[in-house]
Amino acid sequence: MGYLLNTESQQREMLAALGLSSLNELHRDLPESLILRGGPDIPGGAGEQAILESFEEMAAKNTVYPVIFRGAGAYKHYIPAIVPEMVNKERFKTGYTPYQAEVSQGTLQSIFEFQTMICELTGMDISNASMYDAASAAAEAVAMCKDKKRKSALVSQSVNPRVIDTIKTYSWASDAAVDLVPTTGGLTDMDALAQKITDDTASVTIQQPNFFGLFEDVRAIAELVHGRGAKLIVSVNPIAASVLSAPGECGADIVVGEGQPLGIPLSFGGPYVGFIAAKADLSRRIPGRIAGETTDAQGRRAFVLTLQAREQHIRRETASSNICSNQALMAMTASVYMACLGPGGMQEAAKQSYSKAHYLSEQLGKIPGFGLRYDAEFFHEFVTECPVDAAKLMLHLGRNGILGGLPLEGGGVLWCATEMNSRKDMDRLVSLCREVSA
Amino acid sequence: MKLLFEKSIQGRSGKYLSECDVPMLDLPSGLERETPPGLPELAETDVSRHYSALESRTFGINDGFYPLGSCTMKYNPKINEKVSSLPGFTGLHPLQPVDSVQGMLEALYLADTYLAQITGMDKMTLQPAAGAHGEFAGLLLFKKYHEERGDTARTKVIVPDSAHGTNPATASMCGMSVVKLPSGGDGCIDMEKLRAVVGPDTAGIMLTNPNTLGIFESNILEITKIVHEAGGLCYYDGANLNAIAGVMRPGDMGFDCIHLNLHKTFSTPHGGGGPGSGAVGCKDFLIKYLPGPQINKAGETYRFEASPQSFGNLLAFYGNALTVLRALAFIMAYGKDGLPRMSQHAVLNANYLKHRLSERFRIFNRGLCMHEFVISMEREAKEHGVAAIDMAKSFLDNGMMAPTMYFPLIVKEALMVEPTETEGKETLDNVADIYIRLYDEAMANPEAAKLFPRNTVIGRPDEVEAARNPRVRYK
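The listed protein sequences derive, respectively, from chains Z and L. For the first sequence, counting from 1, position 219 maps to 715 in this note's numbering; every step adds exactly one. For the second sequence, counting from 1, position 430 maps to 496 in this note's numbering; every step adds exactly one.
To be clear, the hints were calculated from the coordinates, so they are not data collected in a lab. Check before you lean on any hint, since a few could be wrong.
Claimed, not checked - Per label pair, the in silico range of CB-to-CB distance:
1. L:G241 <-> Z:E509: 49 to 55 Å
2. Z:A673 <-> L:R534: 35 to 41 Å
3. L:G451 <-> Z:E509: 36 to 42 Å
4. L:K144 <-> Z:A556: 19 to 25 Å
Here a beta-carbon is modelled for each residue, glycine too, at the ideal position from N, C-alpha and C.
All chains should be modelled from the sequences, with the hints used to inform the complete structure.
This is the structure:
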């Protein structure tokens, strides 16, 4: 039954050693009235073959679109075949959090390497071992910036709305105020930002490239934010970060982001991996696990979980966060991806995505009514107007095996292109759009 | 062992992407980085060998006995990996139209329904990504509930001193203060002390049952009644559900809300620290406050429904969906009759090992324990200089993971042992023999015990140096 090992005769021997005569007696100290007779109301157990069939049936009811032009926080990039091979190694998969360093050097070193890669991408001094996703990472970053003097947060409306939602939830939890900074032309409105920052503003959060795919002027925003004594949090796309000036060089105090584009399948939204990296002065406030390098008594290189005085199992109610389990195996996935592609491959993926998105926007722009909504420069996502009912358009594309861009609330469509989108597919998309709008 | 960065050779790379079939463009001036990020330059051979070497320096459940107390490190069935990696699930964009993800919603809905049945709750959310995230969701349900009733003075959360550190940390994240409840001499809730601390400021209680000592709080109905009568709510920390899954339901004990660690009781692999899943269940009156969109069924169709009173979102999307699929496959394998059997075997194994070890070790739990028990090395540490850590490190030399050390905090020099149901008697006998032999060796030569482990790739690392001069990235 299931995955149990003890045979009937072993059970008898064990029970006898305990002076018991049946398995039921093991729970004899529990209140009799609460015992669930006959087990929970779920189906009976199934064999592996039947389980596989059930899941294959359910999987078959889903549509996996061969061609995807939708991003909005989840991106389809090429995943080298070696990536899942490496992370599916049984020890990586089944090991626990590396508390026992002597038998966990593999996991610890991989975390240390992940932290280094994230620091390289972001231009920051310290990264943790991972967060749940970009949204929770951003929310924790906002919490990190709060202190006795400054408690409230500003978030640009050009940040992914799902990230904004999560920041709002976390802030409501700790009774901290969040206000949104409006956009102009799809970009953070600098005048509005200047007006909204007060002496109580602890942090300002922006996204680069932002939710509409546009490049924010991070340097100018950093100057404004720092001039008013607040901290700047920048949420980045790691593929874009390989070609853009590092946010650290542009003045960010904390950088967060979604690691999903780094070798993680779309997976209906999870598991993904968030990252959070900060300047050295915030290193004791960063949440979650951190691997550090040290030595053993013989002087051998050793890695351990360190700076644990920040964490819940030591600090309990005064910890910087309650985070315990993170997304370790997904962080390793991102590491393997980055190790394979290297700086050149990452930049190639970024530049192809950039070039293809621009080709697509140009071709779409030739159809009347599909013009770009915003003038600002964009990376691999862009918003066009949509002269027809977007739902109808998406249905038509879907019938042709294409997941189209994301229809936005208030009109318009957010499109995305990556190296996965061939010119042929883009031309086909354009002609399908033309058919619908004709 | 060298780092990836130290193996990097300038100019080396793999070839993964196709040639670009549209004109390559340069980024707008002023935005592009001057130098590429300092990532390693490697061939695929290098990467493959590197991770194989790292794997050989890692200890998995496949390697041997893994008795981490409160972590429930049971065997991770391979079928769970297979079903969760079907392309029909992994290839789904989270923002696809709902009619294109009916099979995924069906699976998540089934998991929701089964977990609710197993725990005695009315509805689950699968959004929380880990246990601590689930705790956060649970306490936010409490916060929202009190807030909606205008009962805003309820800002205190009662947490026993035997609790996991995440409990008090979670209360703080929710803007609540912690009332620490000292355990009675038997390791259980002291009822008089509980009665004394509840009041009009009580938001609720967070409880693990069985508790972290492996003891079932037999006064549980009285405990939840006292909290409810004071106007507070009761939160069940599901970290130790493995002791009672299928046998007893937290919902029937009077709990209003629970979180589950699907990576514990429901066998999803821990991945060296995650991803887990912290599914949260609640009773009817709290459903409208649950985070994220809820998955409901109308006729034969599954859909997302957003409750206007939801307290919000805790993640960008719907949680670690592929992890939930693994847990669902696990539940299907055991089913109605099998789940109670699973818990019985977990308790049987713990009691058998405890029985075998009690001939040498001092064990906190008298009588029957639940799925885990706690050894105290206090006397050995004081009188002979053999500390819990010395014993723990000696186990590492013998092809097995150490138990959880120095937790729960209320037992001095604690070693918390949880064998789980996926061990056989012969393994437990072997483990008991080794534990006893190592105990005798350590007691005979306490100085030598300080040098354990000797056979691992490193000896005890200098943690003080690591924290004093943090080196947290390669330079």
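Hint by hint, here is what the structure shows:
1. L:G241 <-> Z:E509: 49 to 55 Å: This hint holds: roughly 53 Å between Cβ atoms.
2. Z:A673 <-> L:R534: 35 to 41 Å: At roughly 38 Å between Cβ atoms, L:R534 and Z:A673 fall inside 35 to 41 Å, so the hint holds.
3. L:G451 <-> Z:E509: 36 to 42 Å: holds, 37 Å
4. L:K144 <-> Z:A556: 19 to 25 Å: holds, 21 Å
Taken one by one, the earlier hints all hold for this structure without exception.
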